Amino acid sequence: AQSVTQLDSQVPVFEEAPVELRCNYSSSVSVYLFWYVQYPNQGLQLLLKYLSGSTLVKSINGFEAEFNKSQTSFHLRKPSVHISDTAEYFCAVSRISGNTPLVFGKGTRLSVIA
Amino acid sequence: DAGVIQSPRHEVTEMGQEVTLRCKPISGHNSLFWYRQTMMRGLELLIYFNNNVPIDDSGMPEDRFSAKMPNASFSTLKIQPSEPRDSAVYFCASSPPPSSGGPTDTQYFGPGTRLTVL
Numbered sequence: 080a081q082s083v084t085q086l087d088s089q090v091p092v093f094e095e096a097p098v099e100l101r102c103n104y105s106s107s108v109s110v111y112l113f114w115y116v117q118y119p120n121q122g123l124q125l126l127l128k129y130l131s132g133s134t135l136v137k138s139i140n141g142f143e144a145e146f147n148k149s150q151t152s153f154h155l156r157k158p159s160v161h162i163s164d165t166a167e168y169f170c171a172v173s174r175i176s177g178n179t180p181l182v183f184g185k186g187t188r189l190s191v192i193a
Numbered sequence: 003d004a005g006v007i008q009s010p011r012h013e014v015t016e017m018g019q020e021v022t023l024r025c026k027p028i029s030g031h032n033s034l035f036w037y038r039q040t041m042m043r044g045l046e047l048l049i050y051f052n053n054n055v056p057i058d059d060s061g062m063p064e065d066r067f068s069a070k071m072p073n074a075s076f077s078t079l080k081i082q083p084s085e086p087r088d089s090a091v092y093f094c095a096s097s098p099p100p101s102s103g104g105p106t107d108t109q110y111f112g113p114g115t116r117l118t119v120l
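Here the protein sequences come in this chain order: A and B. Residue numbers for the first sequence, in our numbering: 80 to 193. Residue numbers for the second sequence, in our numbering: 3 to 120.
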C-alpha cells in the first residue's frame, strides 16, 4: 500500500517570495509521483509529474519538484509566487502499471498575500 | 476537446433520498475513477473501472453506494439511501489506454459534484 504525507496544511507567503510545499511518501513498490492543484470550486489539474529520468521536473508556470528516492520526498518549489498561485496543492502517488488509482496527501493550502 | 463532464454540479437532498451522480469521461479514455473529497478524510478513491469493468471497489463505504459503467462514455454513482455523512464533493476522473500512446499515468478530473445531504 502507498501513503502520502503533506507536512503543512496551510502555507501563507508574501507575493514574490519563494515557497516550498513538502511531500513525503511511503510505498513498498515503485511509484509515479504527482502534484495536482485545485483552485476554489474547481476540479484538480495536473501541475507536474515524475515518472522516470531526471529527478527535477518543472511545470509551465514556474513550479518545480525534485524526486529524492533516499528521502522518499517530492517537494514542490517556486522561486517567486503570484497572487494567482493561491490554491490547494495535492501530492499524489500511483503504482507504476498504468491506469491505477492515485493515493493523495491531505493537501496544502497556499495563500499568497499581497 | 471536452474534458470530463459531471452532473449535477450541486445537489442538495434530504436524508433517505436516492442520489445519482453522473460522469462522462473524455472520449477514448478507458479508465474511470470515482473519488470523494471531505475535510476530514481528504481525497479518497471509491471505485475504478478499466474497460467498463469494476476493478477495485474497496473504497466504497458501504452497501448504500453503488457504481455502474454501462458503456465507455457514461458512469453513475448512486447513493441509496443518502445520509448526512455522505455530504462531500465527488470527483470523476478518466485516463487513456496504454495503446493510445498517451500518458496513461495522468488522470483528468471533472469539476466535481458537491453533495449536501440534510
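In case anyone wonders, no lab produced these hints; they're calculated from the structure. Keep in mind it's a predicted model, so treat the numbers as computed, not measured. Check before you lean on any hint, since a few could be wrong.
[Unchecked claim] Label-pair restraints from in silico Cβ distances:
1. 192/A with 83/B: 36 to 46 Å
2. 120/A with 66/B: 39 to 49 Å
3. 141/A with 86/B: 40 to 50 Å
4. 192/A with 53/B: 27 to 37 Å
[To be verified] Some, not all, of what chain B presents toward chain A, calculated at C-beta under 7 Å:
5. 35
6. 47
7. 52
8. 65
9. 67
10. 69
11. 72
12. 75
13. 76
14. 83
15. 97
We put the beta carbon where it would ideally sit given N, CA and C, even for glycine.
Evaluation of the provided hints:
Taking the beta carbon of each, residue 192/A and residue 83/B are about 45 Å apart, inside 36 to 46 Å as hinted. Distance hint check for residue 120/A and residue 66/B: the Cβ-Cβ separation is about 27 Å, which falls outside the suggested range of 39 to 49 Å. Between residue 141/A and residue 86/B the CB atoms are about 42 Å apart, so this pair conforms to the stated range of 40 to 50 Å. Between residue 192/A and residue 53/B the Cβ separation comes to about 47 Å, which falls outside the hinted range of 27 to 37 Å.
At its closest, the beta carbon of residue 35/B sits 6 Å from a beta carbon of chain A; the interface hint therefore holds under the 7 Å criterion. Because the beta carbon of residue 47/B sits about 4 Å from the nearest beta carbon in chain A, less than 7 Å, this interface hint is met. Taking 7 Å as the C-beta cut-off, the interface hint given for residue 52/B holds, the closest approach to chain A being about 6 Å. Annotation: interface hint on residue 65/B violated; nearest CB of chain A at approximately 21 Å, more than 7 Å.
Below 7 Å, beta-carbon pairs count as interface contacts, and residue 67/B has none with chain A, the closest being about 16 Å; its hint is therefore violated. A cut of 7 Å between beta carbons decides the hint on residue 69/B: the least distance to chain A is about 14 Å, and the hint is violated. This hint is violated: residue 72/B has a C-beta 19 Å from the nearest C-beta of chain A, more than the 7 Å allowed. A distance limit of 7 Å between C-beta atoms decides the matter here; for residue 75/B the minimum to chain A is near 17 Å, and the interface restraint is violated.
Taking 7 Å as the C-beta contact cut-off toward chain A, the hint placing residue 76/B at the interface is violated, the least distance being around 18 Å. Violation of the interface hint for residue 83/B is found here, the shortest Cβ-Cβ separation to chain A being roughly 27 Å, above the 7 Å cut-off. Taking 7 Å as the C-beta cut-off, the interface hint given for residue 97/B holds, the closest approach to chain A being about 6 Å.
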